[in-house]
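Student: One-letter residues, chain by chain:
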Amino acid sequence: MTQRASTSLEFAFVCSLSDGLHARPASHLAEVANDFASDSFLTNLRTGSVASLKSVLAIISADVRQGDRCTVQVRGTDEHAAHAALLRFIEQVLPGCDVPLAGISLISANGTLPRTLLAAEVKCCFGSPVSPGVGQGKVVLLNGMTLPRTLRERVVTDIAAELGHVKRAVAAVRARIREKLTHPRSSPETAILQADLAIAGDVSFAQKLMEHVSQGKSAGQAVVEAGEFFIDLLRHSDSEYIRERALDVEEICLHLLEEIYGVDFQAAAIELREPSVVVAETLAPQQLLGLDRRWLQTLVLEYSGATSHAVILARSLGIPTLVGVRNARLVLTPGQEVVVDAIRGFVVTQVSPAVQRFYERERSTLLRRQQFLPLQTTGPAVTSDGKTMEVAANASSYEELSRAFENGADGIGLFRTEALFLERDHAPSEEEQFALYSAAARAAAGRPVIIRTFDLGGDKTAPYLNLPAEDNPFLGYRGVRIYAEHRELLQAQLRAILRASAVGKVQIMVPMISSLEEVLQFKTEISEAKQDLERKGIAFQPDVKIGIMIEVPSAGFILDQLCTEVDFFSLGTNDLNQYFLAADRDSPRIAELSDVLHRGFLRFLRQIVREIQQAGKWVGMCGEMAAEIRNLPLLIGLGLDEISLPAVGIPAVKRAISQLSAADCERVLADLIACREKTDREDILEKSQPSWAAQPLLSKELVLLGSESKNKEEAMQEIVDAFYIAGRTLDRQRLEDALWSREAVYSTGLGYGFAAPHCKTEAVTADSIGVLKLRQPIDWGSVDSEPVNMIFLIAMREPQLANRHMQVFSRLARKLMNEEFRGHLLALENAHDMATFLAQQLEISLH
Amino acid sequence: MKIVAVTACPTGIAHTYMAAARLEKVAKTLGFEIKVETQGAMGIENKLTENDIRQAQFAIFAVDIAVEERERFNGVKVIQVPLQEALKDPHSIFAKIQP
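Quick note, the sequences are listed as chains A and B, same order.
When we follow this note's numbering, the leftmost residue of the first sequence carries the number 1, and every step to the right adds one.
When we follow this note's numbering, the leftmost residue of the second sequence carries the number 1, and every step to the right adds one.
Here are the simulated EDC-like cross-link-like pairs (lysine to aspartate or glutamate), alpha carbons at most 20 Å apart as the crow flies:
#: 1; chain 1: B; residue 1: Lys28; chain 2: A; residue 2: Glu819
#: 2; chain 1: B; residue 1: Lys88; chain 2: A; residue 2: Asp784
#: 3; chain 1: B; residue 1: Lys88; chain 2: A; residue 2: Glu819
#: 4; chain 1: B; residue 1: Lys28; chain 2: A; residue 2: Glu820
For each label pair, taking beta carbons as the anchor points, the in silico distance ranges come out as:
#: 5; chain 1: B; residue 1: Asp52; chain 2: A; residue 2: Phe837; range: 29 to 39 Å
#: 6; chain 1: B; residue 1: Ile65; chain 2: A; residue 2: Asp425; range: 44 to 54 Å
#: 7; chain 1: A; residue 1: Asp671; chain 2: B; residue 2: Ile97; range: 53 to 63 Å
#: 8; chain 1: B; residue 1: Arg54; chain 2: A; residue 2: Asp671; range: 39 to 49 Å
#: 9; chain 1: B; residue 1: Ile65; chain 2: A; residue 2: Pro380; range: 45 to 55 Å
#: 10; chain 1: A; residue 1: Glu786; chain 2: B; residue 2: Ile65; range: 22 to 32 Å
#: 11; chain 1: A; residue 1: Thr282; chain 2: B; residue 2: Ile44; range: 55 to 65 Å
#: 12; chain 1: A; residue 1: Gln607; chain 2: B; residue 2: Ile65; range: 44 to 54 Å
#: 13; chain 1: A; residue 1: Ser741; chain 2: B; residue 2: Pro82; range: 12 to 22 Å
#: 14; chain 1: A; residue 1: Thr112; chain 2: B; residue 2: Ile65; range: 23 to 33 Å
#: 15; chain 1: B; residue 1: Ile44; chain 2: A; residue 2: Glu819; range: 24 to 34 Å
#: 16; chain 1: B; residue 1: Glu71; chain 2: A; residue 2: Glu677; range: 33 to 43 Å
#: 17; chain 1: B; residue 1: Asp52; chain 2: A; residue 2: Glu762; range: 33 to 43 Å
#: 18; chain 1: A; residue 1: Glu682; chain 2: B; residue 2: Ile65; range: 24 to 34 Å
Just so you know, the hints here were simulated from the structure itself, not pulled from any lab data.
Idealized CB from N, CA, C, for every residue including glycine.
Based on the sequences and whatever the hints tell you, model everything.
Tutor: Given below as structure tokens:
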């Protein structure tokens, strides 16, 4: 400390920096101040706060913004020199030492809100839902800085030793940052590191640390308390930028704790005492397991990965989780009441009565959906003449898989694993894969999950594979062909799949098989992985089923041998068709040639299925051909054991199967194979369609009487929710958006107290009519300006059935113009009578 | 008097048919003979023939989108209104017709 002069030197300035005196200019300023023995202080005349110019944290905390008037006072032995240097710096260097910051948005703009919430003007921030559900509670920040009790309660006997720990830690952290600064970096990165360096060496921070240690705190506890002091100070700033610096301080404190306790330092679990929303940058699985599940409502993470261990664990524990919420730790304040919507992907930060009402309805919708589901979709699909066909789903993530089961899938016919390997710079570990596969097996609850080993190469590549560029990648180095070179990768995946086979009914499938040798080699690899696990005493299912994709035509001609080696087959019709017809399916000029109805192709498929089934083996189909409901008579005609398609199509397909006869379908297939003209084939297929492939247009679940909805938004949402409960849509947001974009053209209020919102969208699983009768009339912007009592919602998809359903829709539209018809509707008081009346008037069936 | 009309709305699911029903009904009460063609999601229905159009004194287009096969109406007096007019105030459309 210097001698205090009786007077001080002073000057004033106005801050010209557009982002104010934030960390980077502040660190430069502190650097200058620290060159002198004199003390220098800055006073922000707007706020009255005074800060030591030697402390970056103090300067930042003074919250000096553009246009703020400030004074600087210098006192000490070299005050003249210090005054001159500071004055020169502030007047000449400071205005130019800042590059404008990229806008930091605390609330990301992507994502959309349901209309009801939009209309209620709620405040929220967006993220990606990775484990579905909704939860409400108080925000608890998991800052990773809480010391475990054992460390927290340690009694300090030697203050000097603790002081030594602190000083060594600070020196080490600063040395580490300096070391990083010696490597060439981009200028923003360098500036951030310099700011970090300044914080780590900050005089105010050092002072606080010393204070705590001299009061008898341990080095670690001193770091935590000093850190919390500054984090709290910065967090309460009005400036977004300064609040963000709180994270830098936290980061530095964590580095210090690592220096003090070693790199394995683990923060203590936080004690939850009430319904809580835990917010963190990222989370280790142990940290998640350490949280009290009675109170843990939801997780909100800033980190954006959907495949991290903690996320997979959260899913299997059923904890609603949102990831990729930018700056969540700054936007959300500890103790604040929030609602986390991990279905739609946002956190509502102000829980208003409108929000409460929305989520009360949401809870009831989700509950009713759960109750309705088993009625609708479970159970095998059986043709009218008694033949069963499994309807499974294709999936490439856990989300898709759980959605598939929600939609009534009998299994997963193709679980693609490529997503785990792509868009990252190193291969996924065995553990990461095991976490995913075992979660999938558990979610399947006894239903089969066919996991396909990685099908990389071709258009799917990853940097760590070092795959060559090829002129013709689809006929090149891909699928099973790269396994010999990447044995370790394959072994890790096989071990992970085998381990998951101990958890549920997992099967292994290999892509791009063209020869017997490839199959034998693959089986050798599986044996090796099994031996490896046996040696380690790790459980797996010893007779796990092994199958191959039939994508390369040559495999279809060596089935006698292949059938003796594998348990099952799946037809990958996309590649099989393009290899069979030598027609690139992505080339627009030859799009006509990529034809799954080609006689030769159908004959080839029939031959393959017959041969496999004669050998007593199982055969399914997982290509696009199985996804098109129009092809269903052919698929049944082929006699496939299973078809696997995107989840959204499953309810319609299952229903259609029950209305087709296997015997008829075999004839359809034979007719198609015999047919010469392409147009005739289209006719044959069209005639073979079931009369009502989809669900009935109207069912009593879609008739809602006595609605309490208070406005247009709520009413629309109520019908859309009813569609969701009845399995008519899986994507409520998309359906609502489609309805509202039609509404934007002009209101569908047609007068006389009636409205008929409508849309064409793939968001519905079947063409549908919904009815809502309101207790209290609501405004709909109708042509006659009268409020609306009754709403008919018309949603359509499936172009091949459009004409048949359009006739019903147009009949309804015309009838709504009829006074007598409207009068009758208004008089009906229960849903059953209403549904029956409408069915009779519109000449449709309710079943 | 004979009138022909065309109705068409953006999605062609509902309003096309509502407007057609409305025009037919109001025309009847006013004593006009009317034939309404709908251009909706089902394509053209109740299509106006050359004969229909030739015999009509007026054509009403209650449409929000372009009328298909517009050339059929060359030489006919056309009253074009937004489709909503046919729902909101169909009488005013017929009032524009001067016999």
